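Visitor: Please model the entire structure based on the sequences and the hints provided.
2 protein chains.
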Amino acid sequence: MPIPPDAFFLDPAAGLPLQVQLRRQIIAAVTAGRFRAGEKLPSTRALARHLGVARVTVAQAFAELVSTDYLASRDRSGHYISDSIERRLEAGPPAPDTPRFDWDSQLEGRFARAQRRDRERDWRGFAYPFVYGQADPALVDHAAWRDCAMRALGRREFDSLTGDLYDADDPELVDHIARHILPRRGISAGRDEIVLTMGAQNALWLVAQVLLRPGTSCAIEDPSYPGQREILRASRARILPVPVDARGLPPDAIPPGVAAVFTTASHQCPTNSTMPLPRRKELLARAQDQGFAVVEDDYEFEMSFAGAPSPALKAIDRAGAVIYIGSFSKSVFPGVRLGYLVADPRFIAEARALRGMMLRHPPGHMQRTLAHFLSLGHYDAQANRMRNAYARRRAVMLAAIAHHGLTLASPQASGGSSLWLATPDGVDSAELAARLRPRGVLIEPGAAFYADPVQGRGFFRLAYSSITAERIPQGIAWIAQALGEIAAAGPHLPLIRP
Amino acid sequence: MPIPPDAFFLDPAAGLPLQVQLRRQIIAAVTAGRFRAGEKLPSTRALARHLGVARVTVAQAFAELVSTDYLASRDRSGHYISDSIERRLEAGPPAPDTPRFDWDSQLEGRFARAQRRDRERDWRGFAYPFVYGQADPALVDHAAWRDCAMRALGRREFDSLTGDLYDADDPELVDHIARHILPRRGISAGRDEIVLTMGAQNALWLVAQVLLRPGTSCAIEDPSYPGQREILRASRARILPVPVDARGLPPDAIPPGVAAVFTTASHQCPTNSTMPLPRRKELLARAQDQGFAVVEDDYEFEMSFAGAPSPALKAIDRAGAVIYIGSFSKSVFPGVRLGYLVADPRFIAEARALRGMMLRHPPGHMQRTLAHFLSLGHYDAQANRMRNAYARRRAVMLAAIAHHGLTLASPQASGGSSLWLATPDGVDSAELAARLRPRGVLIEPGAAFYADPVQGRGFFRLAYSSITAERIPQGIAWIAQALGEIAAAGPHLPLIRP
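Quick note, the sequences are listed as chains A and B, same order.
When the letters of the first sequence are read in order and numbered with this note's numbering, they come out as residues 1 to 498.
When the letters of the second sequence are read in order and numbered with this note's numbering, they come out as residues 499 to 996.
Keep in mind that the hints were calculated from the coordinates and are not lab data.
Fair warning: this is a prediction, and the values are worked out from it, not measured in the lab.
Just to be clear, a hint being listed does not mean it is correct.
Here are some chain B residues the structure puts well away from chain A; computed CB gaps all over 12 Å [what the hints assert, rightly or not]:
(1) ARG521
(2) ALA570
(3) ALA889
(4) SER908
Derived list of chain A stretches under chain B, where covered just means 3 residues or more per stretch with a C-beta under 8 Å from a C-beta of chain B [what the hints assert, rightly or not]:
(5) 71-84
(6) 126-140
(7) 199-208
(8) 220-231
(9) 279-292
(10) 332-345
(11) 422-428
Calculated lysine to any residue pairs in the SDA-like style (CA-CA distance at most 20 Å, straight line) [as the list claims (entries may be wrong)]:
(12) LYS40/A x ARG55/A
(13) LYS40/A x VAL66/A
(14) LYS779/B x ASP11/A
(15) LYS40/A x ARG677/B
(16) LYS40/A x HIS50/A
(17) LYS281/A x ASP509/B
(18) LYS281/A x ARG318/A
(19) LYS538/B x ALA381/A
(20) LYS779/B x ASP102/A
(21) LYS779/B x ARG100/A
(22) LYS538/B x VAL564/B
(23) LYS538/B x SER188/A
(24) LYS281/A x ASP252/A
(25) LYS538/B x SER375/A
(26) LYS538/B x HIS176/A
(27) LYS40/A x ASP6/A
(28) LYS40/A x LEU874/B
(29) LYS281/A x ASP600/B
(30) LYS538/B x SER565/B
(31) LYS538/B x ASP175/A
(32) LYS281/A x ALA246/A
(33) LYS538/B x LEU549/B
(34) LYS281/A x ILE316/A
(35) LYS538/B x HIS548/B
(36) LYS538/B x ALA246/A
(37) LYS40/A x ILE27/A
(38) LYS40/A x HIS674/B
(39) LYS538/B x ASP380/A
(40) LYS538/B x SER575/B
Built from N, CA and C at the ideal position, the CB exists for glycine as well.
Guide: Structure representation (structure tokens):
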């Protein structure tokens, strides 16, 4: 790619001849690696015009740089960055001698410190990726998405593609959610009760920022989604973990004085338990009595292939205390970065204003493409295909788990895309994960899910959303073998098990 | 569209016959407007299978609803929501009798309160839209974008489209920014010094959250971009406005003790003044002496058609105190929702972690499409086309302004996409705007740009990014006529002019 004239500028106040300035600028760009060997410079005529200097000034600077071997001149075709330059640069640029701004004292580092580091970005390179929440090329209807994206790129959709929507959402997408998706969860909501988000992660962030402030308390399930804990920590609220049991969050264990309770009632993350209806009613009654809001993350409802459909908490929320979070990350694909909040119009107005301030709106093109994907029936077809594939994969996985004598840690009633397992006594799932990596097996150790990571060491999550049914038995066999090796290596300290 | 079986569920604990529950659910959905006249219900067989009940239960419920005229039965083709239902619903649903959750006491309303309400969402319906920051179909290369989007939808790009990238960015896009865009501003940056954002708005939000906390102080230009003030208010930092002059922000007026200074040095928003090099050097020297970070919003550098190119503050920042913000909203289109931060690696690590928590990442598809748009040269071509069109429009506008005797409020040296005007003494630009709306003319009153809105009443912004050159003279004529009418209506209180 040729280097454009725009890459150059002169400083009339620099007190240096223009020709020298230009030379220094080219040398600095070459030594910093911005200009690379073989790249073509602008013509002397174009560069002189751009800089507002005489052409001879540019020509002199170029000639000088050719003589010092920074540039090479090829007859009639112009000037290029010299090929021999890379060798001379191996020593690297000299250390800067100016004082540096003291960033360490300016930054608390609280965001980077809270970051989760146990996920493998290059999971596609593993033969047995039991990773959660990624897209499977075999299940996503790429051709249908492409077709919908083409429609959303049409002439008539220019405004939704290019415009600044301020704080508005795509009306077709919101309408489809209100009329076709929420009713499946028993939820009836008007337009002023819905706001689009950049996935469930962004929805949780908005909720935390609107509801909580430093000093307020909130209750969360323990174990729970690690990203949720990061978000709540960043709000500086007090986080009170409530241990879940086989029926999810026990309402009578919620401490007094909390402003909000975060729950994954229909499909507890990561244990996959389902909260029965009496407990749901009790939770809502307590919300009314104690004055706390209930944040319901219904992140995976489309994947409930194993149990009978049960209504969302929001569906039986007559007082309007529930803030409902939905996401298209699991049923479409995570890269779509779209989800939604459903709540009282006053709450939605706040969340919408905050979203506008943070990022304006999710890209209109993604919204419109998803609206087409939904209204043309691709979403239903894809969710169906996923449910069927997941049911098959889970059956294969449960058989392999039984065959190898591994232990399920909780009832697995409603389906979903993962299982929650316990290690044999004394085995740390982080050690298991480390031992499995070289064999191409990726599992999720339990520590990240717990308020006290030690409590999670005896657990791990195995997702089947990105591994084929054919690969599952061998992957489980590797896990069983690694557990056997760890046991053979000697006794372990018993782990605390909640 | 047929109503799917998923829209229905039963509650075994409800203490009501299943047939009655099903009927109530259909009636509730119809009265709430979720099911609409003419929509087809699932077959009795499909619905019975879905709910796990006998088919006769569903058939009985349907028969009952046909007799009460909620449903209509068409021979052999099934059941439909009755056409006569809409007439019966005119009275609306009854008022709920349950106590409601007390949202008013839970919400501070601080985000919605801070929201800007002076922008017209339907600006496309106006004949003379002097609106800022929107895309012009005549200048955006829609066909090229479409072509790039098609590439980004190809089979080989499945992962960048669908995957959860955790906190990573598209490497091709970052590489292009580092090698081809930043050098034009004199900036040299490595990959660990760049993070992508959802436009400049999101970049400012990230910066404010990382740098500021309740109680810390920051200095901003006055007037300045209204969205920036909203963001800083939300961080609960102390905001100290510093009046700008014809050369932008005066460094010696920055109050002591600030943690950060926000500036639009190259192209002050909204006055369009350019900070000269000596002042830039003084600002950076003070940053080093007083220990504040400098946040440089270089939001429109591609549109500098009128002046010679000058380096960014970041280009001469040897201490590493500058956080640089770039955006593709102006040079590509605002709906792309992509921008970037360039700063010290420690700062970028914090901003990246925070972005991951807030929203993970901008959609991979938008990132990859933009990477193609840049690397295929469409960005350069489009920015060029915009610069040429803006130069022409501005010339037409300046001629019309001179012809009608309107007043420019500041020197307009470097180009851009708008002019900053002053009203004749005593005229409030909000009144002017209100008078112009019925004539199809949209202008931006100055109040929103000032820390003290009263100070902005004597100013207004006229952008030429979304109005054709042909329309400009008549639009300016309307403005002059409206000012004449206001003057004729009588004397006005003199406005404070900074």
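Visitor: Indicate, hint by hint, whether the structure satisfies it.
Guide: The hints, checked one at a time:
No beta-carbon of chain A is positioned within 12 Å of the beta-carbon of ARG521/B; the least distance is around 15 Å. The Cβ of ALA570/B lies farther than 12 Å from every Cβ of chain A, with a closest approach of about 20 Å, so its non-interface assignment holds. Interface exclusion of ALA889/B from chain A stands, the closest Cβ pair being 16 Å apart, more than 12 Å. Listed as outside the interface, SER908/B is consistent with that label: its C-beta sits roughly 22 Å from the nearest C-beta of chain A, beyond the 12 Å cut-off.
Against chain B, the stretch 71-84 of chain A contributes 0 residues with a C-beta closer than 8 Å to a partner C-beta. That does not satisfy the three-residue criterion, and the hint is violated. With 5 residues bearing a CB less than 8 Å from a CB of chain B, the stretch 126-140 of chain A meets the requirement of three and the coverage assertion stands. Residues of the stretch 199-208 of chain A lying with their CB closer than 8 Å to a CB of chain B number 4, which satisfies the three-residue condition for coverage. As drawn, the stretch 220-231 of chain A meets chain B at 3 residues by the rule of a beta-carbon pair under 8 Å; at three or more, the given contact holds.
By the rule of at least three residues with a Cβ nearer than 8 Å to a Cβ of chain B, the coverage given for the stretch 279-292 of chain A holds, with 3 such residues. With 6 residues carrying a beta carbon less than 8 Å from a beta carbon of chain B, the stretch 332-345 of chain A meets the three-residue requirement, and the given coverage holds. For a cut-off of 8 Å, the count of residues in the stretch 422-428 of chain A with a CB near a CB of chain B stands at 0, and the three-residue condition is violated. The suggested pairing of LYS40/A with ARG55/A holds, with an alpha-carbon distance near 18 Å, which does not exceed 20 Å.
Using a Cα cut-off of 20 Å, the hinted pair LYS40/A and VAL66/A holds, with the two alpha carbons roughly 13 Å apart. Using a Cα cut-off of 20 Å, the hinted pair LYS779/B and ASP11/A holds, with the two alpha carbons roughly 12 Å apart. With a CA separation close to 14 Å, the supplied pair LYS40/A and ARG677/B stays within the 20 Å bound. A threshold of 20 Å between alpha carbons decides the hint, and for LYS40/A with HIS50/A the separation of about 16 Å falls inside it, so the pair holds.
In summary, the hint linking LYS281/A to ASP509/B is supported, as the alpha carbons are separated by about 12 Å, within the 20 Å threshold. Straight-line distance between C-alpha atoms of LYS281/A and ARG318/A comes to about 11 Å, which keeps the hinted pair within the 20 Å bound. At roughly 19 Å between alpha-carbon atoms, LYS538/B and ALA381/A fall within 20 Å of each other, so this suggested pair holds. Restraint check: the Cα-Cα separation between LYS779/B and ASP102/A comes to about 19 Å, which is no more than 20 Å; the hinted pair holds.
The straight-line distance between the Cα atoms of LYS779/B and ARG100/A is roughly 15 Å, inside the 20 Å bound, and the hint therefore holds. The suggested pairing of LYS538/B with VAL564/B holds, with an alpha-carbon distance near 13 Å, which does not exceed 20 Å. Distance restraint check for LYS538/B and SER188/A: the Cα-Cα separation of roughly 19 Å lies within the 20 Å cut-off, and the hinted pair is therefore satisfied. As the CA atoms of LYS281/A and ASP252/A are separated by approximately 12 Å, the hinted pair is consistent with the 20 Å bound.
Using a Cα cut-off of 20 Å, the hinted pair LYS538/B and SER375/A holds, with the two alpha carbons roughly 16 Å apart. A threshold of 20 Å between alpha carbons decides the hint, and for LYS538/B with HIS176/A the separation of about 16 Å falls inside it, so the pair holds. Simply put, LYS40/A and ASP6/A have alpha-carbon atoms about 14 Å apart, close enough for the 20 Å limit, and the pair holds. With a CA separation close to 17 Å, the supplied pair LYS40/A and LEU874/B stays within the 20 Å bound.
Only pairs whose Cα atoms come within 20 Å are accepted, and LYS281/A paired with ASP600/B is accepted, the gap being roughly 19 Å. Restraint check for LYS538/B and SER565/B: satisfied, since their Cα atoms lie roughly 17 Å apart, inside the 20 Å limit. Taken as a hint, the LYS538/B and ASP175/A pair is honoured in the structure, with Cα atoms around 18 Å apart against an allowance of 20 Å. A C-alpha spacing of about 17 Å is found between LYS281/A and ALA246/A, which places the hinted pair at or below 20 Å, so the restraint holds.
In summary, the hint linking LYS538/B to LEU549/B is supported, as the alpha carbons are separated by about 18 Å, within the 20 Å threshold. Restraint check: the Cα-Cα separation between LYS281/A and ILE316/A comes to about 8 Å, which is no more than 20 Å; the hinted pair holds. Between LYS538/B and HIS548/B the CA atoms are separated by roughly 16 Å; this keeps the pair inside 20 Å, and the hint holds. A hinted pair counts as satisfied when its Cα atoms are at most 20 Å apart, and LYS538/B with ALA246/A does not qualify at roughly 39 Å.
Between the alpha carbons of LYS40/A and ILE27/A the distance comes to roughly 14 Å, so the proposed pair stays at or under 20 Å and holds. A hinted pair counts as satisfied when its Cα atoms are at most 20 Å apart, and LYS40/A with HIS674/B qualifies at roughly 16 Å. Straight-line distance between C-alpha atoms of LYS538/B and ASP380/A comes to about 17 Å, which keeps the hinted pair within the 20 Å bound. Taken as a hint, the LYS538/B and SER575/B pair is honoured in the structure, with Cα atoms around 9 Å apart against an allowance of 20 Å.
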